[in-house]
Amino acid sequence: MIFKEMIAWRRTVLLFALMLFVTLAQAEYADVVLNRRAETEGMRPVVFPHWFHRLRFTCNVCHPDIFKMRAGSNDVTMAEIIDGKFCGKCHNGEIAWSPEHCHRCHSGLPGLRSGFKNSQNPGGPGTINSPGSAFGRRE
Amino acid sequence: MVLIRVFRMIGVAICIHFLCVRFGLADDLSAEQPVTLETFASKQDFVPTWMRLAEDKVHDPSGPAINELQYPGEILSRLPKDTLGNQVRWVTAMQSGAIKPRRSRLLPEDEIPVLDMDVLLNLRGSAHIVRFPHLAHTQWLSCNNCHEDIFKTKIGESKIGMINILSGEKCGLCHGAVSFPLIGCGRCHSVSRYTQLPYRAPGASGVGAVQ
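Protein sequence lines correspond, in order, to chains S and D. If you count by our numbering, then the first sequence holds residues 1 to 139, one letter each, in order. If you count by our numbering, then the second sequence holds residues 140 to 350, one letter each, in order.
Because the hints were derived from the structure by calculation, they are not lab data. Note that the Cβ used here is the ideal one computed from N, Cα and C, for glycine as well. The reader is advised that the hints may include incorrect statements.
To be verified - The calculated lysine-lysine pairs, modelled on DSS-like cross-linking and capped at a C-alpha distance of 27 Å, are:
#, chain 1, residue 1, chain 2, residue 2
1, D, K239, S, K89
2, S, K89, S, K68
3, D, K291, D, K309
4, D, K196, D, K220
5, D, K298, S, K89
6, D, K293, D, K309
7, S, K68, D, K239
8, S, K85, S, K68
9, D, K298, D, K309
10, D, K293, S, K68
11, D, K220, D, K239
12, S, K85, D, K239
13, S, K68, D, K291
14, D, K309, S, K68
To be verified - Just a few of them, taken from the derived set where beta-carbon distance is under 10 Å, the chain D residues facing chain S:
#, residue
15, V186
16, W189
17, H198
18, P200
19, P203
20, L218
21, K220
22, I238
23, P240
24, E250
25, W279
26, D288
27, K291
28, K293
29, V317
30, S318
For reference, chain S alone in the conformation it holds in the complex:
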């Protein structure tokens, strides 16, 4: 029993130590990788930079009406973007550049998992933190 507790404790310490050092060496804080579909459909994963958008818009412009504020709870497809949903609300050639510039978003390293990079994933049901979630899984 005590042995098990020790293992759990040690694992937590290791996890946090890893988090500290691994995350420091990665992307800009709050960059989000979207790779639920991209790579299986032959494109690089999408990297969404929060910092870039924060400079230009306040949070309420996108949250929670266009994107729900939980990693993995927005099922974004290219067809919907072209139809003017999700990213396409702005990236339509009028407010921001249009989705024909594929590689500006699809700019991630192949093999990246979906989720926040260099910051923690907002947890809860339906996100990558919950077991059995489809987020990040390639289907």
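Since the structure of chain S is already known, use the hints to place chain D on it.
This is chain D only, laid out in the frame that chain S set:
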């Protein structure tokens, strides 16, 4: 099983404490008067650096558009500096007019209401009292970002705890993910218990207290 969970929580707490010590934030919690945001940044001899997109292990350096994307340091280095997160003090940057983010997608003149009211939380704990400033939050967000989904409007109705927050609920939905990370303990736990209550932040028009 319960014991294991308790041990794990203690482990998490110890780790967070170590993180705080590493970033020089632990003194915020033990000092009689907490370090304010203003003194915090000036105290630190810190030069922020930002990673080039081609080297950040997230962007593909061989991607066709890698040179079209903006380097974060190009603009973030001109904003008020910070030691955490994007290494930018976003609220200060906005309040000082260094950045003017649009409040609405379509109508630049659209007014979203701003509320200037502080709420004090954690009045019974042992760490410093949390001062939640509505002003800084409503400048970035609208009411429906938090109410009634994440937090109830009625004072005392929302059960907020560090375990919640660390697992990405309540405050942790944004803090730690997008806004300043959770190792900045003293930024929320900012009002000393020795302060005479009701505490009024400078410029705040109202104050609420939660037990």
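Enumerated hints in conflict with the structure, sorted upward: Violated hints: 5, 15, 21, 24, 27 and 28; rest satisfied.
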